[in-house]
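Under the working numbering, the first residue of the sequence shown carries the number 390, and numbering increases by one thereafter.
Read the hints as simulated data drawn from the structure, not as lab findings. Warning: the hint list may mix true and false statements.
Cβ-Cβ distance ranges computed for the label pairs, FRET-style [unchecked claim]: (1) D589 x V659: 40 to 50 Å; (2) E475 x G503: 23 to 33 Å; (3) G464 x K670: 33 to 43 Å; (4) R531 x G673: 11 to 21 Å; (5) S641 x V700: 35 to 45 Å; (6) K670 x H598: 37 to 47 Å; (7) G439 x Q683: 46 to 56 Å; (8) G673 x R620: 16 to 26 Å; (9) E409 x Y570: 23 to 33 Å; (10) F465 x E556: 16 to 26 Å; (11) G583 x K670: 18 to 28 Å; (12) L639 x V659: 27 to 37 Å; (13) K520 x D634: 26 to 36 Å; (14) G583 x G519: 20 to 30 Å.
Derived SDA-like pairs: lysine to any residue, alpha-carbon spacing no greater than 25 Å straight-line [said to hold, decoys possible]: (15) K664 x K694; (16) K670 x E648; (17) K617 x Q590; (18) K525 x N462; (19) K627 x K670.
Idealized CB from N, CA, C, for every residue including glycine.
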Amino acid sequence: MISENATPKISVAMCTYNGERFLVEQLDSILNQTYQNIELVIVDDCSTDGTVALLEGYAQRDQRIRVIRNHQNLGFVQNFAKAMGECRGELIALADQDDIWFPEKIASLYHDIGDNWLIYSQISPVDSTGKLLNFKFPKVNRLEGHCPLALMLNNCVTGHASLLRKEMLPLAMPAISDMPYHDQWLAIVASSRGKLKASDQVLSYYRQHDNNAVWKTKGKRTEAKYVKALREVERVCKFMRSVLDSEVLLDSDTALLQEFYACYSRYDKVFYNFKLRRFLKRHGNTFLALFPQQEKYRRRICRGKWYFILVAFW
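Kindly produce the complete structure, drawing on both the sequences and the hints.
Below, the structure is given as structure tokens:
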């Protein structure tokens with residue numbers, strides 16, 4: 390194991406909510422890291438199952454654990470913000486309640502982070518029983534360096550795969566409650582200063598236990614596509630507006646994002662957004678770097694509201 394005298398304290402910020410089913414595996418995988426100079430800060434968001442009792446039992450046996458209980462439900466973004474704010478270490482690793490970390494996860498990320506603000510690893514998806522799943526997650530390209538605008542439409546940084554420097558929090562925290570996903574926002578803040586790094590190592594099992602809805606008729610599928618597309622545009626527009634309001638981006642990135650926002654937000658006025666397509670022809674490598682098939686994705690996001698409405702009658 391790595392000697393704690395030669396290494397800085399690293400905080401693990403974990404959020405829980407009714408997570409007792411998988412919590413023991415996750416806690417054990419964190420506490421058994423080869424990098425031992427850690428503190429585990431756990432903020433529970435008003436669980437109603439046996440989560441809190443389980444956490445308190447662990448805290449009694451291991452002094453590295455601090456358990457904080459919310460008096461009202463905050464939701465996962467604000468709960469992670471609170472957990473990070475309670476951390477005392479120079480570096481912070483984010484933890485979900487249902488994954489499994491490899492023993493060398495923290496040590497590997499600490500060794501490779503260099504002067505970057507945030508490093509993230511590869512992950513291996515498993516099902517609820519821990520069986521390996523044969524697909525890539527997330528299904529996008531992995532980016533590093535200066536790439537904040539490429540993170541507007543999707544995200545390659547999974548929170549629980551990340552290690553970040555606490556020094557970036559003063560820049561990230563003021564606007565985090567306005568963001569839909571804390572990990573995407575942290576990646577944008579880090580990459581806006583060219584301080585994002587991707588590790589090629591797989592360092593954790595990411596547990597999948599959600600079900601996807603299946604539309605039963607073609608009419609419902611078409612309507613659902615329209616509703617889903619509209620909500621996605623509204624979500625992305627709100628997100629971009631929040632990023633612009635945060636004033637985190639460099640001036641050159643701010644100007645380009647404002648232009649992209651003006652094009653993208655025309656979705657509900659057009660059949661096909663030719664203005665957006667022309668913009669992405671010029672700046673596709675900046676905004677679409679995450680997507681393996683840029684042209685396919687470009688065609689899809691240029692479809693306007695009236696495209697989906699008229700498709701229902703074809």
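How the hints compare with the structure:
| no. | hint | verdict |
| --- | --- | --- |
| 1 | D589 x V659: 40 to 50 Å | holds (41 Å) |
| 2 | E475 x G503: 23 to 33 Å | holds (26 Å) |
| 3 | G464 x K670: 33 to 43 Å | holds (38 Å) |
| 4 | R531 x G673: 11 to 21 Å | holds (18 Å) |
| 5 | S641 x V700: 35 to 45 Å | holds (38 Å) |
| 6 | K670 x H598: 37 to 47 Å | holds (41 Å) |
| 7 | G439 x Q683: 46 to 56 Å | holds (47 Å) |
| 8 | G673 x R620: 16 to 26 Å | holds (24 Å) |
| 9 | E409 x Y570: 23 to 33 Å | holds (24 Å) |
| 10 | F465 x E556: 16 to 26 Å | holds (24 Å) |
| 11 | G583 x K670: 18 to 28 Å | holds (26 Å) |
| 12 | L639 x V659: 27 to 37 Å | holds (30 Å) |
| 13 | K520 x D634: 26 to 36 Å | violated (43 Å) |
| 14 | G583 x G519: 20 to 30 Å | violated (37 Å) |
| 15 | K664 x K694 | holds (15 Å) |
| 16 | K670 x E648 | holds (14 Å) |
| 17 | K617 x Q590 | violated (34 Å) |
| 18 | K525 x N462 | violated (32 Å) |
| 19 | K627 x K670 | holds (24 Å) |
Violated hints, in rising order: 13, 14, 17, 18; the structure is consistent with all others.
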